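Enquirer: Add chain B to chain A, keeping to what the hints say.
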Amino acid sequence: MNVENAKAQMRKGVLEFCILSILSEREAYPSDIIDELKEARLIVVEGTLYPLLTRLKNAGLLSYRWEESNSGPPRKYYKLTEIGKEFLIELDKTWHELQAAVKKTTSKNKDNE
Amino acid sequence: MNKTVTVNISGYIFNIEEEAYNALVIYLGKLKAAFHGMEGADEIVADIESRIAELFQKKLNEKKQVITSSDVDEIVAIMGAPEDYTDEEPIMDEPNSDKEDGSRNPNRRVFRDPDDHVLGGVCSGISHYFGIDPLWIRLAFVLTTIVFGTGIMAYIILWIIIPEASSTAEKIQMKGQDVNVENIRRTVNESAEKLKSKVSGIADDIKSAQKPAASSLKGFLEQIFGIFGDAITILGKVLLKIIGLVFILGSFAMIIAFIAGFVATDSLIFHSSALSWFELSEIIFMGKSHMTICIIAVSILFLVPIIGLFYGGLRIIGALKTSVKGFGISLFALFIIGLILAAIGGVQFGREFRYDHESSERIVLPDDTDSIHINILDDNYFHNEIRGSHSEFFELVKIDDDQIILGQPIRLYLRTAPSDKFEVEVYKSADGSTQHQAIERIERLDYQWAHDDSTSTIDLSPVFSVPTSDRYRGQEVEIVVRIPVGKVISFGPNMERIYSRSGRSNHVFRMGAEELEILN
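As they're listed, the protein sequences go chains A and B. If you use this note's numbering, the first sequence corresponds to residues 3 to 115, in order. If you use this note's numbering, the second sequence corresponds to residues -18 to 501, in order.
Only chain A is shown next, with the shape it has when bound in the complex:
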C-alpha cells in the first residue's frame, strides 16, 4: 500500500462525479473538461478522460454531437442526458453525506489524539 496509490484511488472515485458536474453547466468537448480537471489537479494525463467519457456515454448518462473545428478534426461536444441529470443529483446528495461523514469521523478521531 503506498500513499500515491491511495490518493489516485480517492481521486478516481470522485472523477466521474466531477465530469458530470462540469457538463451539467454547459456542453463541453474533452479539451475543455481536461483543462478544468487539470486545473483542479484531479487528473495528470489526458488519456485518463477518454475511457471515462466513453463509459459514461455508453451508460446513457452522456450524449454528444459532432462539431467542426478549425484547428483539427471534428470535436465531440458532450452534454448530460436526462438520466445523467438524475444520476448527478443522486451523486451530489451522496457526496454531501459522505463529506459530512468523513469530516465527522476524522475530526472526532483528531480530538481523541
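Keep in mind that the hints were calculated from the coordinates and are not lab data. Just so it is clear, the structure is predicted and the values come from calculations on it, not from any experiment. Incorrect hints may have been included.
Stated by the list, open to error - Below, a list of computed lysine to aspartate or glutamate pairs in the EDC-like style, where the Cα atoms sit at most 20 Å apart:
id: 1; chain 1: A; residue 1: Lys40; chain 2: B; residue 2: Glu55
id: 2; chain 1: A; residue 1: Lys78; chain 2: B; residue 2: Glu20
id: 3; chain 1: A; residue 1: Lys59; chain 2: B; residue 2: Glu20
To be verified - One side only, chain B facing chain A, incomplete, derived with CB under 7 Å:
id: 4; residue: Ile29
id: 5; residue: Ser31
id: 6; residue: Ala34
id: 7; residue: Glu35
id: 8; residue: Ile56
id: 9; residue: Ile59
id: 10; residue: Gln329
id: 11; residue: Gly331
The C-beta atom is built at its ideal place from N, Cα and C for all residues, glycine as well.
Expert: Coordinates of chain B only, in the frame set by chain A:
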C-alpha cells in the same frame, strides 16, 4: 536530413519523421493493447487519435511542417502511459521498474530464459531471479560438476522443474518487472495475432489449392510436412509422459533403495557387533556437531534429488498443472546447503587422516635358537575362533570403558630372515591432522606381546586398544616374524585371528628355500 513519412490521423495528413512515426506506432499499439476487450475500445482509441491529431495540428505552422520525435514525446507525456488510462487497480505499487536493480519484487518468479541460454536457460533464469550476472551461476554449476559431480544432476533436475518463460508475462515476471494490465493485455493480443495469422495462413492454403499445379503441389507438401510435424509433436508428448512416469517410479525406487541400504548397513553394523549407534558415532565423528552436520548433509544429498525427480515427474505427466511457487529454487538452495555441509563435514573428517605415521619395535632372538613357538593369547572381547581376515571391520570393534578394543586391522606376516637369527618386528601406525597427532595416537595405541628367550615363545594378542578420545583414525598393527632358512616354527591354536592363511594352527613348519614346509 531525416526521412519523413506521411500518416493519416483522424482524417488529417501529417508529415512525420520516420523515428517519430515508429515511436507513435508503438505508443498507439500499446494503447490498443491496453483497451483491448474493453467496452467501446475502438471509440476510445479513435477519440485519443483525434485528440493527438488536434495537438499535432497546434504544433505545426508555416515554418514547421514536420512532426518530430520530441513532438511525439511531448504528446505521449500529455496523454499519459496506457497504464494510467485503464481504471483497474495497478497490480504493483510502482509500475515500469524496468531495470534490474536487485530490489526484491514479490512477484518475481524463477523461469528458464529462452532468450539467453547455453543449455536450457536454467542459469540465466536463476540469475534473473537474484539479479546477478548469469556467468556466476554457470561457473557454480561447472565447478560443482567438476568437484562433486553433482552440478550436472542438479542442472537436469532444475531444467525439468523450472518452467520456461514462454509468454511475455512470464518473461516480465522472470525479470522481476511488474505484470500490469497493459502487459497482460499485450500478451493476450499477441496470441490473438498469432491465431489470426494462422487462420489466414489456412485461408491462403485453400486459395493456393485452387491455383495451378505447381503451387498446389507446394501447398500439398506443406500440408504433408504439417502432418509430419504434428505426428512428431504427439510422439514427443507421449515420450515426455513416459519419461515423467519413469522419473516418478525412479524416485520411488531410490527411496526404497535408500531405506534398504540403511537397513542393510544397520544390520551389518549393529546386529553383528555389540556397538550401539551412539558408540559408533563416538568412534567415527569428531563430536556431536560434526555428526549432526554429516547426517544432515547425507540426508539432503540423498533426498533432494529424489524429491526433485518425483516433482519433475509429476510436472511432466501433468499431475501438477502449475509449478509450485518457489519450489524449484528452494530445492536448489537446499541442495547447495547440503553440498556446503558435506564439504564442511568432509574436510573436517578428511583432515584427521592427512598425516600417517608408523613406528616399529624389533627384537632379534639369540643365535642358538633353532625353533620358535607362536602363541595367540586368549582375549575376553571376541570369540577366539573368529577369523580376522574374514570379518567385517565393525564385527571386531568394542568399547570397554574409555578404550576402543579393535580385533583388526592387525596382521601377522611370516618372512624369510636375512641372517640365521630369528627376528620379530612390530609396526604400529595411525593417522592424524598433524604428524605430531599421528605420533601421539601411536604412543597411546596399546598392543600386548611378549617373547620368552628360555622357551623361545612369542605371545601375541589378537586385539589392540586405543583411547576412545583418539577415535578410530587408521590405527593398525603389523607383526613380521622372520625365520632363517632351515629353522623351525610351531604354532599354537587360533592363528587365524591374525594370520590370513588357514591351516597353520597347531602345526610345525620348517622354512625352506622358497616357503614354509610342513613337518607335523
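Enquirer: Evaluate each hint against the coordinates.
Expert: Each hint tested on the structure:
{"no.": "1", "hint": "Lys40/A to Glu55/B", "result": "holds, 16 Å"}
{"no.": "2", "hint": "Lys78/A to Glu20/B", "result": "holds, 19 Å"}
{"no.": "3", "hint": "Lys59/A to Glu20/B", "result": "holds, 11 Å"}
{"no.": "4", "hint": "Ile29", "result": "holds, 5 Å"}
{"no.": "5", "hint": "Ser31", "result": "holds, 5 Å"}
{"no.": "6", "hint": "Ala34", "result": "holds, 5 Å"}
{"no.": "7", "hint": "Glu35", "result": "holds, 4 Å"}
{"no.": "8", "hint": "Ile56", "result": "violated, 9 Å"}
{"no.": "9", "hint": "Ile59", "result": "holds, 6 Å"}
{"no.": "10", "hint": "Gln329", "result": "violated, 49 Å"}
{"no.": "11", "hint": "Gly331", "result": "violated, 54 Å"}
Checked against the numbered hints listed earlier, the structure breaks hints 8, 10, 11; every other hint is satisfied.
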